[in-house]
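Asks: Protein chains in written order, with the numbering used here: chain A, 74 to 187; chain B, 2 to 114.
I should point out that these hints are in silico values taken from the structure, not numbers from a laboratory.
Note that beta-carbon positions come from the ideal geometry of N, C-alpha and C, so glycine has one too.
Relax, there's no trap hidden among the hints.
If you only want the chain A side, here are some residues facing chain B, beta carbon under 8 Å, derived:
id, residue
1, Phe118
2, Gln121
3, Leu163
4, Glu174
5, Pro180
Derived coverage of chain B by chain A (criterion: at least 3 residues anywhere in the stretch with Cβ under 8 Å from a Cβ of chain A; other residues may be distant):
id, stretch
6, 35–44
7, 95–109
This is what each chain is made of:
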Amino acid sequence: ETGVTQSPTHLIKTRGQQVTLRCSSQSGHNTVSWYQQALGQGPQFIFQYYREEENGRGNFPPRFSGLQFPNYSSELNVNALELDDSALYLCASSPEGRGQETQYFGPGTRLLVL
Amino acid sequence: AQTVTQSQPEMSVQEAETVTLSCTYDTSESDYYLFWYKQPPSRQMILVIRQEAYKQQNATENRFSVNFQKAAKSFSLKISDSQLGDAAMYFCAYRRGTDKLIFGTGTRLQVFP
Chain A
74 ETGVTQSPTH
84 LIKTRGQQVT
94 LRCSSQSGHN
104 TVSWYQQALG
114 QGPQFIFQYY
124 REEENGRGNF
134 PPRFSGLQFP
144 NYSSELNVNA
154 LELDDSALYL
164 CASSPEGRGQ
174 ETQYFGPGTR
184 LLVL
Chain B
2 AQTVTQSQPE
12 MSVQEAETVT
22 LSCTYDTSES
32 DYYLFWYKQP
42 PSRQMILVIR
52 QEAYKQQNAT
62 ENRFSVNFQK
72 AAKSFSLKIS
82 DSQLGDAAMY
92 FCAYRRGTDK
102 LIFGTGTRLQ
112 VFP
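In isolation and in its complexed conformation, chain A is listed as follows (with noise of 0.2 Å):
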């Protein structure tokens, strides 16, 4: 059974661009969720998929957007990047019914945005 992957491990963007992040789920989950965590803090909730279809928000503005595909593999998009934006990324996927309170991380994406 593989865990969680993301890609890529790192990435370095230009303020204004637009950058896309991966995340395949640990095998059997349907539940992806995004996270953003800046340097020495704790996690912040962005989104989930279940399903293909967002189910969960947190407060961050439109230009951040995700996907869920139909093998339940996920992308997060951000545009008109930020120098704020800078920090690590991380995707966890939980399954459906019995476990799926408990989220599983991926290794996370470093971001940086000169």
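Chain A is already provided as a structure; the job is to place chain B on it using the hints.
Replies: Frame of chain A, contents of chain B only:
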């Protein structure tokens, strides 16, 4: 709104000793879950232990155990027989059902030989 507070930014412990990390939370809900996650320098958030609020019995996972006090809204993590590999950031987190995880600000644990 639910909040999670970790009042110890840093803690240290000697190898083989026991350390307790504190966490308090605020919620008006009666049914929820609490978690401790470990984040080593490699950045991956690793689940350490989970507690269901409706269970009075404290969860244990090998050297890790919790002291869950529902009325006091307290959820501390005890690490026994500390090992060098336990050094990491530890985050306390709250979740109601399948809603978002709400994290505390973390406690950095140092382990000295």
